[in-house]
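*Asks:* For this one, chain A is given, so just place chains B and C on it according to the hints.
Here is how the chains run, residue by residue.
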Amino acid sequence: MPITLKELAALCEARCQGGDASASVYAAADITTAHQGQVTQLTNAKYARYLKASAATACFIGENSPTETVPDHMALLVCADPEMSFIKAVELLHPKKTYINQIADQSIIDSSVTLGQDIFIGAYVNIGENSVIGDGTKILAGAYIGNNVKIGRNCQIHPYAVIYDDSVLGDNVIIHSGAIIGADGFGYKFRHGAHIKVPQVGNVVIGDNVEVGANTCIDRGALGSTVIGMGSKIDNLVQIGHNNKVGKHVIMCGLTGVSGSCNIEDYAILAGSSGIADHVTIGQGAVVMARSGVAGDVPAGSHYFGSPAKDKKTAYKEQIALSKLPDLIKRIKLMEEELKSLQHLDKE
Amino acid sequence: MPITLKELAALCEARCQGGDASASVYAAADITTAHQGQVTQLTNAKYARYLKASAATACFIGENSPTETVPDHMALLVCADPEMSFIKAVELLHPKKTYINQIADQSIIDSSVTLGQDIFIGAYVNIGENSVIGDGTKILAGAYIGNNVKIGRNCQIHPYAVIYDDSVLGDNVIIHSGAIIGADGFGYKFRHGAHIKVPQVGNVVIGDNVEVGANTCIDRGALGSTVIGMGSKIDNLVQIGHNNKVGKHVIMCGLTGVSGSCNIEDYAILAGSSGIADHVTIGQGAVVMARSGVAGDVPAGSHYFGSPAKDKKTAYKEQIALSKLPDLIKRIKLMEEELKSLQHLDKE
Amino acid sequence: MPITLKELAALCEARCQGGDASASVYAAADITTAHQGQVTQLTNAKYARYLKASAATACFIGENSPTETVPDHMALLVCADPEMSFIKAVELLHPKKTYINQIADQSIIDSSVTLGQDIFIGAYVNIGENSVIGDGTKILAGAYIGNNVKIGRNCQIHPYAVIYDDSVLGDNVIIHSGAIIGADGFGYKFRHGAHIKVPQVGNVVIGDNVEVGANTCIDRGALGSTVIGMGSKIDNLVQIGHNNKVGKHVIMCGLTGVSGSCNIEDYAILAGSSGIADHVTIGQGAVVMARSGVAGDVPAGSHYFGSPAKDKKTAYKEQIALSKLPDLIKRIKLMEEELKSLQHLDKE
Numbered sequence: 001m002p003i004t005l006k007e008l009a010a011l012c013e014a015r016c017q018g019g020d021a022s023a024s025v026y027a028a029a030d031i032t033t034a035h036q037g038q039v040t041q042l043t044n045a046k047y048a049r050y051l052k053a054s055a056a057t058a059c060f061i062g063e064n065s066p067t068e069t070v071p072d073h074m075a076l077l078v079c080a081d082p083e084m085s086f087i088k089a090v091e092l093l094h095p096k097k098t099y100i101n102q103i104a105d106q107s108i109i110d111s112s113v114t115l116g117q118d119i120f121i122g123a124y125v126n127i128g129e130n131s132v133i134g135d136g137t138k139i140l141a142g143a144y145i146g147n148n149v150k151i152g153r154n155c156q157i158h159p160y161a162v163i164y165d166d167s168v169l170g171d172n173v174i175i176h177s178g179a180i181i182g183a184d185g186f187g188y189k190f191r192h193g194a195h196i197k198v199p200q201v202g203n204v205v206i207g208d209n210v211e212v213g214a215n216t217c218i219d220r221g222a223l224g225s226t227v228i229g230m231g232s233k234i235d236n237l238v239q240i241g242h243n244n245k246v247g248k249h250v251i252m253c254g255l256t257g258v259s260g261s262c263n264i265e266d267y268a269i270l271a272g273s274s275g276i277a278d279h280v281t282i283g284q285g286a287v288v289m290a291r292s293g294v295a296g297d298v299p300a301g302s303h304y305f306g307s308p309a310k311d312k313k314t315a316y317k318e319q320i321a322l323s324k325l326p327d328l329i330k331r332i333k334l335m336e337e338e339l340k341s342l343q344h345l346d347k348e
Numbered sequence: 001m002p003i004t005l006k007e008l009a010a011l012c013e014a015r016c017q018g019g020d021a022s023a024s025v026y027a028a029a030d031i032t033t034a035h036q037g038q039v040t041q042l043t044n045a046k047y048a049r050y051l052k053a054s055a056a057t058a059c060f061i062g063e064n065s066p067t068e069t070v071p072d073h074m075a076l077l078v079c080a081d082p083e084m085s086f087i088k089a090v091e092l093l094h095p096k097k098t099y100i101n102q103i104a105d106q107s108i109i110d111s112s113v114t115l116g117q118d119i120f121i122g123a124y125v126n127i128g129e130n131s132v133i134g135d136g137t138k139i140l141a142g143a144y145i146g147n148n149v150k151i152g153r154n155c156q157i158h159p160y161a162v163i164y165d166d167s168v169l170g171d172n173v174i175i176h177s178g179a180i181i182g183a184d185g186f187g188y189k190f191r192h193g194a195h196i197k198v199p200q201v202g203n204v205v206i207g208d209n210v211e212v213g214a215n216t217c218i219d220r221g222a223l224g225s226t227v228i229g230m231g232s233k234i235d236n237l238v239q240i241g242h243n244n245k246v247g248k249h250v251i252m253c254g255l256t257g258v259s260g261s262c263n264i265e266d267y268a269i270l271a272g273s274s275g276i277a278d279h280v281t282i283g284q285g286a287v288v289m290a291r292s293g294v295a296g297d298v299p300a301g302s303h304y305f306g307s308p309a310k311d312k313k314t315a316y317k318e319q320i321a322l323s324k325l326p327d328l329i330k331r332i333k334l335m336e337e338e339l340k341s342l343q344h345l346d347k348e
Numbered sequence: 001m002p003i004t005l006k007e008l009a010a011l012c013e014a015r016c017q018g019g020d021a022s023a024s025v026y027a028a029a030d031i032t033t034a035h036q037g038q039v040t041q042l043t044n045a046k047y048a049r050y051l052k053a054s055a056a057t058a059c060f061i062g063e064n065s066p067t068e069t070v071p072d073h074m075a076l077l078v079c080a081d082p083e084m085s086f087i088k089a090v091e092l093l094h095p096k097k098t099y100i101n102q103i104a105d106q107s108i109i110d111s112s113v114t115l116g117q118d119i120f121i122g123a124y125v126n127i128g129e130n131s132v133i134g135d136g137t138k139i140l141a142g143a144y145i146g147n148n149v150k151i152g153r154n155c156q157i158h159p160y161a162v163i164y165d166d167s168v169l170g171d172n173v174i175i176h177s178g179a180i181i182g183a184d185g186f187g188y189k190f191r192h193g194a195h196i197k198v199p200q201v202g203n204v205v206i207g208d209n210v211e212v213g214a215n216t217c218i219d220r221g222a223l224g225s226t227v228i229g230m231g232s233k234i235d236n237l238v239q240i241g242h243n244n245k246v247g248k249h250v251i252m253c254g255l256t257g258v259s260g261s262c263n264i265e266d267y268a269i270l271a272g273s274s275g276i277a278d279h280v281t282i283g284q285g286a287v288v289m290a291r292s293g294v295a296g297d298v299p300a301g302s303h304y305f306g307s308p309a310k311d312k313k314t315a316y317k318e319q320i321a322l323s324k325l326p327d328l329i330k331r332i333k334l335m336e337e338e339l340k341s342l343q344h345l346d347k348e
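Residue numbers (this note's numbering), protein chains in the order written: chain A, 1 to 348; chain B, 1 to 348; chain C, 1 to 348.
Chain A on its own, in the form it takes in the complex (with noise of 0.2 Å):
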């Protein structure tokens, strides 16, 4: 859907400077890649060198940012947040696909669901007893949702996704492909040679404004609730054993596990592939950097890196050293001959 610079101006908080304002864009693009027809943004200083070659017929742009570059044929869509407003272009020129109110005569909807207004339910749903779907959610094909599920208003529920018993989803919840909300934690006592499972009876209880990535699993509470606090996101691939408690707007990226009966305070981040073993605190706004593997409790606000995991300019500092230690093991032989030397003299 073309759209004239003018009116995309408009509806992104940015005024039309150079160019051409009754030029229409039908899409938007990365400024290395764009060309005539797409409009493009400049953000970060580091891209800046693509601009004066970019075949973009627009480019967001924050205000005060240098311009001497930009190629004639280019309008500047100056505004005050040039992130926020190309986000808006993104969604107007790229509109999400809309699902019409249906339910797919495929589906296998318990009598007891409580299902409300305007909602889309794909073929191969399974939706059990006495569960509960909020208003303007979305369930697509092969969703699985367990017995006792609470799902809140505007949420969308991507393929085999699978939510077991119990679960609870705040509004406007996300919950990619293969994601596995409810399974069984992992917990076993030791007798007689065997491992005697213990029952994982609790549930997973998820705030509003939270997405799960594609084949993330969170786990039940053996007792209680696992917690993912409002507004947190949550990568593929990523492990959240049973009765974590995640805060608010907490970061998860791809392939971390956070093992269980962890408090991860709001606005945490744990980057790629960290991990974080049982009942660790992770405090307010801390970050763990990616790959590592943290045993104790993080400070808020602080960095940690490696593993195990220290304050980050602690572990830079000792990584740095170990760069040195095959040099200076030289030097310290050197010295011990010097000082058997002096010795040797000292001696005679």
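Bear in mind the hints are in silico, worked out from the structure with no lab data behind them. These numbers were taken from a predicted model, which means no experiment stands behind them. Possibly wrong hints are sitting among the right ones.
All copies of an identical chain are treated as equivalent in the list; a pair is satisfied when it fits inside any one copy or across any two copies.
[Unchecked claim] In silico lysine-lysine, BS3-like type, Cα no more than 30 Å apart, as pairs:
{"#": "1", "residue 1": "LYS150", "residue 2": "LYS6"}
{"#": "2", "residue 1": "LYS248", "residue 2": "LYS88"}
{"#": "3", "residue 1": "LYS6", "residue 2": "LYS46"}
{"#": "4", "residue 1": "LYS313", "residue 2": "LYS46"}
{"#": "5", "residue 1": "LYS52", "residue 2": "LYS6"}
{"#": "6", "residue 1": "LYS330", "residue 2": "LYS312"}
{"#": "7", "residue 1": "LYS150", "residue 2": "LYS96"}
{"#": "8", "residue 1": "LYS96", "residue 2": "LYS189"}
{"#": "9", "residue 1": "LYS333", "residue 2": "LYS317"}
{"#": "10", "residue 1": "LYS6", "residue 2": "LYS97"}
{"#": "11", "residue 1": "LYS313", "residue 2": "LYS248"}
{"#": "12", "residue 1": "LYS96", "residue 2": "LYS330"}
{"#": "13", "residue 1": "LYS46", "residue 2": "LYS197"}
{"#": "14", "residue 1": "LYS6", "residue 2": "LYS96"}
{"#": "15", "residue 1": "LYS197", "residue 2": "LYS150"}
{"#": "16", "residue 1": "LYS340", "residue 2": "LYS330"}
{"#": "17", "residue 1": "LYS245", "residue 2": "LYS52"}
{"#": "18", "residue 1": "LYS248", "residue 2": "LYS312"}
*Replies:* For chains B and C alone, coordinates are given in the frame of chain A:
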């Protein structure tokens, strides 16, 4: 289903001491959150401080445990093994969902399939040619069972688990959602600039009482079988490559990877996010600690840590030494200066 | 389907030497387990010691291989490339399951879909609007194909793989069960205390002859495409983030993560559980060793190890030095004492 403490004690091999034996409980809960009408356990001294303020109606506790801080309203359920008694209580108070014998109309079961007694087959289940399903086994909605699969008695296959052709499962096996049993192993030969696929024609054999976590993958053997021994417990998002032989009662925690043709002997423990190179033996009862990467054999009974993993004591000693290294560099520099000035003195 | 050695040799570019060329074999097996009626291979000198006691009826072996320990009953199938000849033999003796052309009644295929010749579509398959399925492609039970998806010829999409809208797959592509192609990338902007989702409106483009393992995730581009080049092979449980450009014939082993906007050049190898930070280039033919974490560009042809990853030689040198460090600390302490006593002497 509420139950009196007197009844609960009798069913859980405990004796009721103090409190009101005729009081009822309806649920089990953690000692930090239990309230009236709930029963809890105290099995870890670290949690003893929560006892005094707990509103729980009853608490499982070991013989001869210190009980001076027990609140007046609380009954103690004294027993020889409070963890096992509490498990029994949880099972009584939170009975598992029962699946009534049923074969869903919307399932597809090949005419050559052999079905046992008392089985449950959910909607959208597929069972391929010549497969055999044992008595009491439950195959929940959407699970996919290939051809020539043998599943033992009293197994539970969760939604959207996939059991590829030729897999063999023992009795009491639990396969959680999204687990993929018997996909092709990862094997290629490099010829003329391209990777040529090595046919993967073996299978997966899983022993009795094995539990396989959500989204875990166990690849079929290239030739012969990938084997998971009796009683082994595998967490979520674990990768087990082709031709691994996993022994009995092995534990593998989340996000662990075992590449291929390894021997993981009985009672070994692979902690979270650990990784094992191919053709490696992990000895009986050995522990590979979290995030460790093992490139060579690990002796029975040992604890290994780090990447590359070493005996825990060695690895810890190195970690401690590394933490001293930045300071050590300063000391070495100082020595070098002092040595130089001594040498200078000696020359004089 | 048994086959005589004479026939097998002719079909596999080998010549039969010793043994009984008219004998039949019915299966292929590993040299450590092969018994009568089976054919094996010896291509790795490490396994030569198993030859003498092997009951295999025949063994593929290279020209000019040492053969003094061949048992009398065993025929040698001598050939220029025993690995490739053995692959041919495995394919002959263990033919792949064939899927008869069929479109399952229980599948849902939008009326706008274009279907090629000789295709198989299993039960509970969904194919969305305007998608195109090439000749000879097999879409097994429960696979989900979104809207505007293009799948080439002779592909195999396994049960419960999910191919999101707009994905493009070449010819001979294999997508294993639970793989998720084209879910949203992980992108947010932080505003007013919350993470705002960046629309993910790109797609995934997969070249010919690519194989994608079970439960692997390949995210769509935010804008533009995430690309997997021809002939690349991706193991299970791999995370490939948005806008990565993966070259041709790349290998990625299990549990590896590539965050986003990386260039993984042709013939690169990412070993198991490795991780790549965003906007990084892995040069042609470079090897990122197991469990390594790469934060910056890796030169073509190099081998990198560790976290943070370094050139293998440097990393190994540091590891060896680290192993000497605990002892080194003692030597330094001794030197300090000796130095002090020398200084004391000099002052006297």
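*Asks:* Under a CA distance limit of 30 Å, which applies to LYS197 and LYS150: within one copy, between copies, both, or neither?
*Replies:* Both. Shortest intra-copy (27 Å) and inter-copy (24 Å) distances satisfy the 30 Å Cα cut-off.
*Asks:* If the cutoff is 30 Å on CA atoms, where do LYS52 and LYS6 land: within, between, both or neither? Let me know, please.
*Replies:* This pair counts as within: shortest intra-copy Cα distance 22 Å, inter-copy 69 Å.
*Asks:* Indicate which option fits the pair LYS333, LYS317 if close means a Cα-Cα distance not exceeding 30 Å: within, between, both or neither.
*Replies:* both (23 Å within a copy, 16 Å between copies)
*Asks:* Between copies, within a copy, both or neither: which fits LYS313 and LYS46 at Cα up to 30 Å?
*Replies:* within (26 Å within a copy, 32 Å between copies)
*Asks:* Have a look at LYS6 and LYS96 and pick one of within, between, both or neither, based on CA distance no larger than 30 Å.
*Replies:* within (23 Å within a copy, 60 Å between copies)
*Asks:* Check LYS330 against LYS312 for me: Cα-Cα at most 30 Å, and say if that holds within a copy, between copies, both or neither.
*Replies:* Both, since 28 Å and 20 Å are each at most 30 Å.
*Asks:* Is it within, between, both or neither when you check LYS150 against LYS96 at 30 Å Cα-Cα?
*Replies:* Result: close both inside a copy and across copies, 25 Å intra and 20 Å inter.
*Asks:* For LYS340 vs LYS330, is the C-alpha pair at or below 30 Å within one copy, between two copies, both, or neither?
*Replies:* both (15 Å within a copy, 16 Å between copies)
*Asks:* Within a copy, between copies, both or neither: where do LYS248 and LYS312 come within 30 Å Cα-Cα?
*Replies:* within (24 Å within a copy, 37 Å between copies)
*Asks:* From the Cα coordinates, with 30 Å as the cut-off, is the pair LYS6 and LYS46 best called within, between, both, or neither?
*Replies:* within (28 Å within a copy, 66 Å between copies)
*Asks:* I want to check one pair: LYS150 and LYS6. Are their C-alpha atoms no more than 30 Å apart within a copy, between two copies, both, or neither?
*Replies:* neither (44 Å within a copy, 36 Å between copies)
*Asks:* When no copy is named, should LYS6 and LYS97 be tagged within, between, both, or neither for a Cα gap of at most 30 Å?
*Replies:* within (25 Å within a copy, 59 Å between copies)
Comparing the model with each numbered hint stated earlier shows that hints 1 and 12 do not hold.
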